[in-house]
Amino acid sequence: MATEEESAVKEPLDLIRLSLDERIYVKLRSDRELRGKLHWVTVWLLQAYDQHLNMILGDVEEVVTTVEIDDETYEEIVRTTRRTVPFLFVRGDGVILVSPPLRTA
Amino acid sequence: MSTGPGLESLVDQQISVITNDGRNIVGVLKGFDQATNIILDESHERVYSTKEGVQQLVLGLYIIRGDNISIVGEVDEELDAHLDLSNLRAHPLKPVIH
Amino acid sequence: MLFFSYFKDLVGREVTVELKNDLAIRGTLHSVDQYLNIKLENTRVVDQDKYPHMLSVRNCFIRGSVVRYVQLPPDGVDVDLLHDATRREARGG
Chain A
1301 MATEEESAVK EPLDLIRLSL DERIYVKLRS DRELRGKLHW VTVWLLQAYD QHLNMILGDV
1361 EEVVTTVEID DETYEEIVRT TRRTVPFLFV RGDGVILVSP PLRTA
Chain B
-3 MSTGPGLESL VDQQISVITN DGRNIVGVLK GFDQATNIIL DESHERVYST KEGVQQLVLG
57 LYIIRGDNIS IVGEVDEELD AHLDLSNLRA HPLKPVIH
Chain C
169 MLFFSYFKDL VGREVTVELK NDLAIRGTLH SVDQYLNIKL ENTRVVDQDK YPHMLSVRNC
229 FIRGSVVRYV QLPPDGVDVD LLHDATRREA RGG
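Residue numbers (this note's numbering), protein chains in the order written: chain A, 1301 to 1405; chain B, -3 to 94; chain C, 169 to 261.
These are calculated hints, taken from the structure and not from any lab test. Note that this is a predicted model, so its numbers are computed, not measured. Please note: incorrect hints may appear among the correct ones.
When the alpha-carbon atoms are kept at most 16 angstroms apart in a straight line, the in silico EDC-like pairs for lysine to aspartate or glutamate are as follows [claimed, not checked]: (1) C:176 / C:246; (2) A:1337 / C:248; (3) B:90 / C:190; (4) A:1337 / C:246; (5) A:1327 / A:1361; (6) C:218 / B:48.
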């Protein structure tokens, strides 16, 4: 049960916390994307200006995109590989963006 | 709270280090600090390739900066003695991309 | 809840640590420290044919900074506990 205080969104992290127990989208470095249920998120302060969002996601689908160059035609071949993982701890230093579920009516 | 990587039990033992640029260096651990900087003695590099077996390059006494270390493994000497390195072929490990 | 205290509850359990060099190592979690440095026992590399570089290693230390993911044992995850911890941290607890 979210109280008014809890649901006030002031900082980016507040929005992410509001998505607890909901499926979120996470874009990571090295062309990886995750979709999964957010079970845990914590701010890890490395330095005053540098913080990581470590997360635990459940029922995760990972999509990895790789681009290869064809040896003969020099065309770009884009491949995506998918897999699912029951529970995944994600180290925050790879996180580029986090998107909460769409809240359209 | 613990300080440092806790590699005490590996001192004077054979270890296998994977560096962030994908190299594999094997040697005897002589010392380390809280930043995982390590001193390796009698070390050699194992160079992997798909064209020939593993090449071993003698390095001697080496200090590796913790920033560049991915893995420190304890070498099981019996398992290691049974490895047929001259017939082992593999791509070198990829570098760590942060 | 310190960010690594959750991992302490998983000591003795099987996890798979995926590194930023694409290596995946499965083993029994022995310890985790405040840098998220991880020690595993009875390790094996998930794709040993492709990655035979650690065939003679059974115990290893993985530097936290090279960890991309940790696959957690499904029955070792207490979802309610994690939700509570996240809400507590939100309130500055």
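Verification of the supplied hints:
| no. | hint | verdict |
| --- | --- | --- |
| 1 | C:176 / C:246 | 13 angstroms, holds |
| 2 | A:1337 / C:248 | 13 angstroms, holds |
| 3 | B:90 / C:190 | 7 angstroms, holds |
| 4 | A:1337 / C:246 | 14 angstroms, holds |
| 5 | A:1327 / A:1361 | 12 angstroms, holds |
| 6 | C:218 / B:48 | 15 angstroms, holds |
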